[in-house]
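Numbering (this note's numbering), first residue to last: 205 to 1080.
It should be emphasised that the hints constitute simulated quantities derived from the structure, not laboratory data. Just to be clear, a hint being listed does not mean it is correct.
Said to hold, decoys possible - Under the rule of at most 30 Å between Cα atoms (straight-line distance), these lysine-lysine pairs were calculated in the DSSO-like manner:
{"hint": "1", "residue 1": "Lys283", "residue 2": "Lys297"}
{"hint": "2", "residue 1": "Lys636", "residue 2": "Lys490"}
{"hint": "3", "residue 1": "Lys319", "residue 2": "Lys297"}
{"hint": "4", "residue 1": "Lys672", "residue 2": "Lys589"}
{"hint": "5", "residue 1": "Lys1078", "residue 2": "Lys283"}
{"hint": "6", "residue 1": "Lys589", "residue 2": "Lys490"}
{"hint": "7", "residue 1": "Lys672", "residue 2": "Lys642"}
{"hint": "8", "residue 1": "Lys642", "residue 2": "Lys589"}
{"hint": "9", "residue 1": "Lys589", "residue 2": "Lys636"}
{"hint": "10", "residue 1": "Lys672", "residue 2": "Lys636"}
{"hint": "11", "residue 1": "Lys490", "residue 2": "Lys1078"}
{"hint": "12", "residue 1": "Lys873", "residue 2": "Lys951"}
{"hint": "13", "residue 1": "Lys297", "residue 2": "Lys1078"}
{"hint": "14", "residue 1": "Lys283", "residue 2": "Lys319"}
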Amino acid sequence: MIKIAEAKKWGRVSLRRRGISIALAATFSAIAPSAFSESKALEIDIPEQNTATALVELASETDVQIIVPRNLGTNSRSKAVSGNLTIESALDKLLEGTNLTYRFVTENMVVIQEKEDDDDSRKSPELEEIVVTGSNIRGVDVSASPVLTFDQTDIEQSGFVTIEQFLRNLSQNHGAGINEYGSLLSGAGGNISKSSGVNLRGLGNDSTLVLLNGRRLAPSNNGDVVDISMIPLSAIERVDVLTDGASAIYGSDAVGGVVNFTLRSNYEGAETRIRYGDHTDGNARKIEFGQTFGTSWRSGNALVSLTINDRNPLDSSTREATKGRIQGNSIVGEREDETLLFAATQQLTDRVELYTDALFSDRDFTSDVILAGGFIRQQSITSSKQWSVVAGTRIDLNDSWQLDVSGSVSETDLSSDTLLGIAVFEPAPFFKNSDTSKVQVLDVKADGVLFSMSGGEARLAINAQYRKESLNGVTSSFEIPGFNDESLSFVEGDRNVEAVSGELFLPVIGDENSMSLAKELSLSLAARVERYDEFGSSVDPKIGLMWSPVDGVRFRTTWGTSFKAPLLNEMNPTTPTSSSSRIILAPNDPGGELATLLLYGIAPDLEPETATTFTAGVDYEPLSFPGLSVSLTYYDIEFEDRIAVPLDSGDFGDVFIDEYIYGAAIIRKGEPQFQALIDAYASGPFFTNTAGIDVEDFQAIFDNRLTNISIHRQSGLDFNLDYGFETGLGQFVFAVAGTYLFEYGDKKTAGVPFLDTTSTVYSPVDLKMNASLSWSGDRTSATVSINYVDSYDEIRQAIPEPARRHVPSWTTVNVNLSYDVEKSTGWLAGTRISLSASNLFQRQPGYVYGFGVSDFDGANADILGRYLSLGVVKIW
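Please put together the full structure from these sequences, using the hints given.
Listed below in structure tokens is the structure:
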């Protein structure tokens, strides 16, 4: 087992681009050398301490990547090393008296290994390679899919203080969907759990697969979303974002992509974190405390980490876009959460290792809403508990093949109470919601070398998985005269999933048989079969091709299919279809209006949603220009049989004006289905005759139930540029990353025209990008980030064309400054102090009509404003 002791600055340049440097390091592939690493003398100051910890500090001070096999150096102490030394001299002094030696793999990468009794030469040890997200094969970059990787330092330097804020800012992620910062929904509707999800490519939170250490998490909010806000930044080692369909590897939900959170595991020592932050306009102060302890012994290691957060609410009256709300409403509510992380490994023999990790989170959330002109007070109190436990064993079957057997359980328990009452008094219970979501998985994986080829070793990975998912929920409301009747409803369901998958990596051309215009050529093949006990099986293949004609240039492409199974709450047969009556304007009909039956709920016999994805890209790292990295990726997604309602706004007044949009959702009198639907739903306990229409007088039906009707299509271009260089003032890294959309839209039903909604309200804009400039000196570093969302037009059916507004672009600036206290400075030794600012210049988003309540587009901006925080990290 190995770990990257430090991959600072230059490692992150590559990681930001495609997330492949870890795999390349492990397999000793070609890595662009650093522009400033030429064995020159550097000022080094490392005290006497544990050898493994000293190596981490040396990597940090020299910006050299040091690879340390697990448990090496944990049982020895190094001598103090200080002075103006080369990296070679520093390593010689640091390892003197130990049984360790080192070997340079590239100009900027060192491998630590035990000394050989009969050979003092510094040769490479046998290493177990790290698996890259998007594959089950260890040690090679088998996936041609684009992968972004960010470590904890990357996130902190962005100026954001939570993982959900950082991911929301990615150009590939769309702010619409379930998240705390973009939505002001509260109480009984919308985001009941106050969760924050990921919405890659804007396909919906449930079309992005979220993993913790490569394993599924139980969703929250009645099974709709995996809540990433329950994972504290202090517990994260890195985050991988795969922006391509991946059902051939992971199964259902991996349509827009995959987000994998890797938690900290192998840490020696103690670390204390404290952060205080607040908005400069409004009292929403947040305090974070974290404590981590880690230890290791000859055959294993263990880590435990506790994080506690406490935040005040932010009142809506402090922001221009929400001043129309009565004072007392919350933009974000009061929040308290605690998270406990545990991880451990134990080597039983040279070939057998046991491992386990566990995450426990508990959150309490309170928000207030004042209704009915300030007369009625609504208070939402939410409690969410999430835990995930995994245990398994890794067995080296031989020098190549490894077997990994694991079992995992993840559960989310949600309880939400909505209280209602006179504003000046304490509100009384009005609405209660509780649900429990659970995922249990048994995983068996094996991978290794299948055979040798002229271009390298062909590798195979096979996987068998059994998964059980369950959801149980209860929603109840209490009778309050004049507001609502007493009611009780249940949501419950479970499913069993069996899956098998395989991956094959074929290096056709490599170092041994490279030729002109073919330095590298590799093919990756993958397929997965998942069988559900509800609706049968899904088979999803994926093909990837990588070609490097010359050093520094790589072309790549992928094609595959993905799918998303219906949510358990969508498959719940106890949810009834409800209906109501309404007279709706119909200017193209003789009478000018139609007596219409509206249907709500979930249609029967839902099927999986299916997608076809394609990517093609190029990566350029010129050897003549060290430190420069450029990447372009074109992508295309066609997502069919999407489960959706024809009209999600709830405004039915224009359905016959825009009849061409809704197609088969409109059923007129005389059509085959009309009378059967009237007989079924125009009477009974779930029918509300709002307009007082007799059954025989209905002229049309608008079927607004969830069903497999929609087709989504989008294409775009992701771009990344990184350039790292050194001057006499220190090291600099300049980075630009963004996405340009060519099209993004839907066909609401079969047979109707495609409607492109790019750069319209609540849809992704055509251009979203980020730029940053980072500088680091001996002990000081600074990063300035600029975040840009392009302008667009307020095009909505409810707003006539002459009154449509132009929404200006939104540009915000983040800043992060950090200082590492000199290591010889008494009790402050090992302390890092950081100051962060997000939206430094208090830039508010453009006006979007929101009925005077929330006059901004929460999918493309937020109204939180300037946020300043001060953080201190002490390593003991």
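Practice task
Sort out which numbered hints this structure fails and list those numbers smallest first.
Solution key: When the structure is compared with the hints, none of them turns out to be violated.
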